[in-house]
Structure formats: structure tokens, C-alpha cells
Amino acid sequence: DAKTTQPTSMDCAEGRAANLPCNHSTISGNEYVYWYRQIHSQGPQYIIHGLKNNETNEMASLIITEDRKSSTLILPHATLRDTAVYYCIVRVQIYNQGGKLIFGQGTELSVKP
Amino acid sequence: DAGVIQSPRHEVTEMGQEVTLRCKPISGHDYLFWYRQTMMRGLELLIYFNNNVPIDDSGMPEDRFSAKMPNASFSTLKIQPSEPRDSAVYFCASSFSFGTETQYFGPGTRLLVL
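In order, the protein sequences belong to chains E and W. Start counting the first sequence at 1; every next residue gets the next number (this note's numbering). Start counting the second sequence at 114; every next residue gets the next number (this note's numbering).
Simulated from the structure, these hints should not be mistaken for laboratory data. Check each hint, because a few of them may be wrong.
Stated by the list, open to error - Computed cross-link-like contacts, EDC-like style, restricted to lysine to aspartate or glutamate with a CA-CA straight-line distance of at most 16 Å: (1) W:K181 to W:D169; (2) E:K100 to W:E214; (3) E:K100 to W:D176; (4) E:K3 to W:E157; (5) E:K100 to W:D143.
Predicted, not measured: the structure shown is a model, and the values here were computed from it.
All chains, please: the whole structure from these sequences, using the hints.
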């Protein structure tokens with residue numbers, strides 16, 4: 001089972017920041033938080049990942065709380081093309097095998113004009 | 114790079130027929146993953162390979178499913194015999210390594226079993 005909890009759906013106005021929350025209260029110390037998104041009819045697309053510190057790239061920012069039990073993905077200026085299902089994933093680490101991605105149900109983000 | 118390539122993009126078949134899905138990973142990637150996505154179960158990992166060797170097939174639903182990776186640039190997922198409940202979108206993904214490297218997904222194959 002997925003180790004994360006996300007709201008089922010969210011709306012955001014075009015041009016505004018989209019803040020997508022994720023709870024992962026049982027995360028272990030060596031597990032990373034990953035975010036992927038899936039635009040309708042396409043394969044999932046990597047957005048960003050982090051362990052403890054906040055991270056930023058050209059797509060988004062990831063804010064992880066100090067206790068690491070929750071995180072927020074921020075799309076600073078949402079566009080209509082950001083409408084997608086966003087998955088928050090805790091990367092399960094398996095000794096000598098790296099980590100598998102376990103996808104939950106995700107948050108369906110609708111960006112509206 | 115062309116990204117992960119999957120074929121066919123769409124497949125319609127009748128129950129009982131054999132179905133073969135194909136995947137070409139990104140060149141240089143040594144991990145390959147097969148996923149299945151349905152409305153009911155979401156996105157599930159079926160099996161993954163490292164350097165052409167199957168590492169974990171615990172997600173394969175039953176013996177009707179089999180996957181092979183004969184070389185670093187090609188993998189197949191076969192269903193024999195197919196059943197209507199196998200209807201889903203099947204994704205292939207690849208990654209350079211399995212630590213914290215990201216997985217790159219293909220466009221998927223939409224399978225409909227009648």
C-alpha cells in the first residue's frame with residue numbers, strides 16, 4: 001500500500017501558485033519523497049524529489065517539514081497545461097535493490113482560467 | 114534521445130488470444146520497469162529488470178503474464194491467454210540506476226480485451 005495521503009482533488013486559478021499537500025507520517029529516515037505527475041493519457045512525468053531539505057527546480061519547489069511527516073509541492077505560476085494528477089511517493093528502500101515507486105491515488109489538480 | 118518507446122500504442126484483441134507488448138528503454142539505462150494502470154487499482158508495478166535480469170516480479174498478477182528482456186534495448190510483456198480483466202494501460206519505464214535516479218515513462222500501450 002502507498003505510504004502517503006493526498007487530497008483527491010484541488011482547483012487552482014491560472015497564474016496563481018498551486019500548493020499540493022502530502023502526508024507521509026510513517027516515512028523512514030532514509031526514504032525520499034518523490035513527486036510525479038500524469039497528464040491525461042500520458043505516462044507519469046518526474047517533477048522533483050527530496051530527503052530533508054527544501055528543493056527547487058525549473059518545474060516546482062518541494063517543501064518538507066522538519067519532522068518529515070508531510071510535504072508540499074508548489075507550482076509557482078500554474079498554467080492550464082499543469083492540469084494533471086499529481087502523485088506524492090515515498091521511495092521504499094530495499095537493501096541492495098534500491099527503491100521501488102509505489103503510486104497512490106494522487107491529487108487531481110484542475111487549473112482554471 | 115527519443116525517450117522510452119512502446120509498441121503498439123493501442124491493442125484490441127479477443128479473449129484467449131496472446132498479447133505481446135514491447136518496450137525500448139532509454140539508451141544507457143540499466144533498469145527497466147513494467148507498470149499497469151486501471152481505474153480500479155491505479156498504477157501498479159508488475160516487474161522490473163536490472164541489466165536484463167528480472168529482479169522482482171512480485172507484482173505480476175498470475176502465470177498468464179510473463180516478461181523478458183533479451184538485451185539492454187528491448188523488453189516484452191506477454192499475456193497468454195488474455196482475459197477482459199487484463200484491459201488496462203501498460204507503461205514501461207527506465208532509469209539509469211535504482212538509487213535516487215528518476216524513472217522515465219513511455220507513452221503506454223492501451224490494451225482492450227473483448
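Is the hinted pair W:K181 and W:D169 satisfied, with a Cα-Cα distance of at most 16 Å?
Cα-Cα ~12 Å, so holds.
Satisfaction of hint between W:E157 and E:K3, Cα-Cα up to 16 Å
With a Cα-Cα distance of about 14 Å, the restraint between E:K3 and W:E157 holds, given a limit of 16 Å.
Is it true that the CA of E:K100 sits at most 16 Å from the CA of W:D176?
violated (22 Å)
With the threshold set at 16 Å, check whether the alpha-carbon distance from E:K100 to W:D143 stays at or below it.
This hinted pair holds, its Cα atoms lying about 15 Å apart.
Is the straight-line distance between the alpha-carbon of E:K100 and that of W:E214 16 Å or less?
Holds: E:K100 and W:E214 sit about 11 Å apart, inside 16 Å.
Of the numbered hints given earlier, the model fails hint 3 alone.
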